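Heads up: the sequence lines are chains C and R, in that order.
Anchor point for the first sequence: position 210 equals 210 in full-length UniProt numbering, and the numbering is continuous, going up by one each time.
Anchor point for the second sequence: position 164 equals 164 in full-length UniProt numbering, and the numbering is continuous, going up by one each time.
Any given hint might turn out to be false.
[Unchecked claim] Heads up, simulated DSSO-like pairs for lysine-lysine below, C-alpha to C-alpha not over 30 Å straight-line:
# : chain 1 : residue 1 : chain 2 : residue 2
1 : C       : Lys288    : C       : Lys367
2 : R       : Lys315    : R       : Lys257
3 : C       : Lys220    : C       : Lys288
4 : R       : Lys220    : R       : Lys288
5 : C       : Lys42     : R       : Lys256
6 : R       : Lys42     : C       : Lys367
[What the hints assert, rightly or not] On the chain R side, residues computed to face chain C include the following (Cβ under 8 Å):
#  : residue
7  : Phe78
8  : Ser112
9  : Gly201
10 : His309
11 : Arg313
12 : Lys315
13 : Leu369
14 : Ile376
15 : Leu378
16 : Tyr420
17 : Gln427
Worth flagging that the hints you see were computed from the coordinates, not collected in a lab.
All values derive from a computational prediction rather than experimental measurement.
Think of the CB as a built atom: it goes at the ideal place given N, C-alpha and C, for glycine as much as any other residue.
There are 2 protein chains.
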Amino acid sequence: MTAPLKAIDGNADLPALMTELAARARAAARVLALASPEQKNKALDAMERAIRASAPAILAANAEDVAEVRAAGATSAFIDRLTLTPARIDAMADGVATVRGIADPIGAVTESWQRPNGMTIERVRVPLGVIAVIFESRPNVAADAGVLCLKSGNAVILRGGSDSFRSCRAIHDCLVQGLREAGLPEAAITLVPTRDRAAVGLLLTGLNGGVDVIVPRGGKSLVARVEAEARVPVFAHLEGVNHVYVDHSANLEMAKKIVLNAKMRRPGVCGAAETLLVDRAGAAASLKPLVAMLIDAGCEVRGDTAVQHADSRVKPASEEDWDTEYEDAIIAARVVDGLDEAIAHIHNHGSHHTDAIVTEDAAAAEKFLNEVDSAIVLHNASTQFADGGEFGFGAEIGIATGKFHARGPVGAEQLTSFKYRVHGTGQTRP
Amino acid sequence: MTAPLKAIDGNADLPALMTELAARARAAARVLALASPEQKNKALDAMERAIRASAPAILAANAEDVAEVRAAGATSAFIDRLTLTPARIDAMADGVATVRGIADPIGAVTESWQRPNGMTIERVRVPLGVIAVIFESRPNVAADAGVLCLKSGNAVILRGGSDSFRSCRAIHDCLVQGLREAGLPEAAITLVPTRDRAAVGLLLTGLNGGVDVIVPRGGKSLVARVEAEARVPVFAHLEGVNHVYVDHSANLEMAKKIVLNAKMRRPGVCGAAETLLVDRAGAAASLKPLVAMLIDAGCEVRGDTAVQHADSRVKPASEEDWDTEYEDAIIAARVVDGLDEAIAHIHNHGSHHTDAIVTEDAAAAEKFLNEVDSAIVLHNASTQFADGGEFGFGAEIGIATGKFHARGPVGAEQLTSFKYRVHGTGQTRP
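Excised from the complex, chain C in its bound form:
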């Protein structure tokens, strides 16, 4: 047992604390990288039990956090994100069980081939190393991110919002208990033991090679700061300005169902549609019913002139609307001159997250899916499927819109790297 890290607030030497914490995480990562699937699952099993058993302690810690922000005048939306309930704790424990059930990515041979000289080469999955997860008020991220990193053999440094510090600490205690029961190093899942906001800036420097990748989970301002300041790779999406393009050959009933779901199922998730593009060649038939349906469902529609003509309740769209992620029951809508203009609009205004085409024309679908440069492109399906669970990954740590390493829903597999294992029988290079 190493000595516990000095905590908590008013830490005299935060840089030294963070460097020490990263060094311990690095050492733990070496052990985790070689841990068996069974050992990791044993830890996950113990974590699930600990979370369920500790629900009263977690709720008590959370109540203190909530009381503090309520006294400070936080908004009700903020308080809702922060608040844990028995049901939310159950869901957190269920999430741990789900991760236990997914395939262990580490050690999987993804390719192997033989060279003419008889050598065999295998490409095999290995962990990335140390992942820093920076999140805001939702304390359940501590568990969700912690266990997904563990499953993928990575050590993780968790940094929650200072408002949720007590809740995160109570959850983290359960995770550490699981690590201990499985004989894994406690530093494999480290919670930054201070509310000092300067800790975030230090994590973003990468702590001199102590952090391999940063995953921000939270609002746009957090993600923007991490993307701007991080000196190490970041898996993130800044926003999801997602489009549904209704081609002239779309089945109207299907288009209505998909557009309604893409926008209104949960308007605040990153996979929600923000812009509806309607093909001029089909607009006479489709525009009015699509717009009326959205407005009748409680969605504000901001349209170009053609869309405004389709329904008197449509508000005029400004240039800014095409670039806006509303995260709300609002949609921008315009009529475009066919597939090429739709693709051009998405190129000019999209965020490379998730875009969909509704069409019965297979060639149009292929063109859209090839030419739209987004992490996820869908044909005749809702953009709200942009989710690791819906992809069958079991769990995700977020969605990435960059093209490096991870893209789309980031599950356990995408938290890995690889190495080449070569077996020879004495081969030398001529």
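Using the hints provided, position chain R relative to the given structure of chain C.
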């Protein structure tokens, strides 16, 4: 046809020039991403022919570069790297033909699966975007890197050493001719049209999203600068401090062959071995013959006390030797207490590039291959196989030791990203 970029030296507004050049490369990348394999191969074919036909012009340009650096007192090694010959031009053209022959990675579906709701999800390879290749005196890198980026659907910005500017320009002319003949945008392969060294610093900033990844090709100081300053991802290795561990159960004849090849085949390549680790349990039999063989072959051996006792010609190793990439006929050698100490030595002194074990013990080999955290780990084969060609990739743009995105030999496949294509029949998310 867009207007040509303003060249060359004494450019008043270099930042504006570089930004414009990156914007053109970005536009070209969009076209290239959708180019067919046939169209790209047509360009490669024309490039090969142009290089062969332009050999006299390339040699004349190169002669001017060489005369200039010779007059400035360059070393003979530097002049050798810079000098082109008819044979080197042939090899460059052959390299273009090789790249034409490798499989086109773009559009390949690497995974596909069906969800319970009937949606199919495909993971398909797409290009990364715009790659900046920064290199030094070897002008052939312009062709090698240019065509590999083209094959993988990426636009490339080439920045050669200012000493090889005329040579690079002559080679670049051939590449542009190939693009033109195939109807591809000329900005797909851009040569920075100035010798101004400040261009490198501008590329390293990423030019406000204009450059997606940087590949440095050259000496340690270039790579170190790029790794320190780049604000975008870098595919590189700083050094190859590679080890061969001779286990007590090694076949001595095989060990001799592998050690000799790993060090002496070409002592200057990044896959060359720099340190020999000999298992104490087998040292009585193996140490003397291994050391004598190396010294007899003209290799200087710097050893610990045990190695010095094995042969009077051994020089004493200092602590620094364990961390040194000699790039020369020199090897550091020490005796270790078995496999665990060998792995610990590599962890403490290696550079995560390429390491090998020689053993007849399969369990020892598996442990070494699992626990040594390097891009390439070999059992009973020479470290000099660390090469994209030897791996069967056809060509490589370099070797990466980071864990993000690309690792090991970086071939056409590793210059790609992916997207998810989803086909539905009207699915919405519950």
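Cross-check of the supplied hints:
Note on lysine 288 of chain C and lysine 367 of chain C: the hinted pairing holds, with a Cα-Cα distance of about 26 Å set against a maximum of 30 Å. Restraint check for lysine 315 of chain R and lysine 257 of chain R: the C-alpha separation of about 22 Å stays at or below 30 Å, so the hint holds. A hinted pair counts as satisfied when its Cα atoms are at most 30 Å apart, and lysine 220 of chain C with lysine 288 of chain C does not qualify at roughly 34 Å. Distance restraint check for lysine 220 of chain R and lysine 288 of chain R: the Cα-Cα separation of roughly 34 Å exceeds the 30 Å cut-off, and the hinted pair is therefore not satisfied.
The suggested pairing of lysine 42 of chain C with lysine 256 of chain R is violated, with an alpha-carbon distance near 45 Å, which exceeds 30 Å. With a CA separation close to 23 Å, the supplied pair lysine 42 of chain R and lysine 367 of chain C stays within the 30 Å bound. Restraint check, phenylalanine 78 of chain R versus chain C: the minimum CB separation of about 26 Å is more than 8 Å; hint violated. Taking 8 Å as the C-beta cut-off, the interface hint given for serine 112 of chain R is violated, the closest approach to chain C being about 12 Å.
Violation of the interface hint for glycine 201 of chain R is found here, the shortest Cβ-Cβ separation to chain C being roughly 17 Å, above the 8 Å cut-off. Hint status for histidine 309 of chain R relative to chain C: violated, with the closest Cβ pair at about 28 Å, above 8 Å. Using the Cβ-Cβ criterion of 8 Å, the hint placing arginine 313 of chain R at the interface with chain C is not satisfied: the shortest such distance is roughly 24 Å. Interface restraint check: lysine 315 of chain R against chain C, minimum CB-CB distance 26 Å, threshold 8 Å, status violated.
Taken as an interface hint, leucine 369 of chain R checks out: its beta carbon lies about 5 Å from the nearest beta carbon of chain C, inside 8 Å. Using the Cβ-Cβ criterion of 8 Å, the hint placing isoleucine 376 of chain R at the interface with chain C is satisfied: the shortest such distance is roughly 5 Å. Among the interface hints, the one on leucine 378 of chain R holds; its C-beta lies about 4 Å from the nearest C-beta in chain C, closer than the 8 Å criterion. Among the interface hints, the one on tyrosine 420 of chain R holds; its C-beta lies about 5 Å from the nearest C-beta in chain C, closer than the 8 Å criterion.
Proximity of glutamine 427 of chain R to chain C holds as hinted, the smallest CB-CB distance being about 4 Å (cut-off 8 Å).
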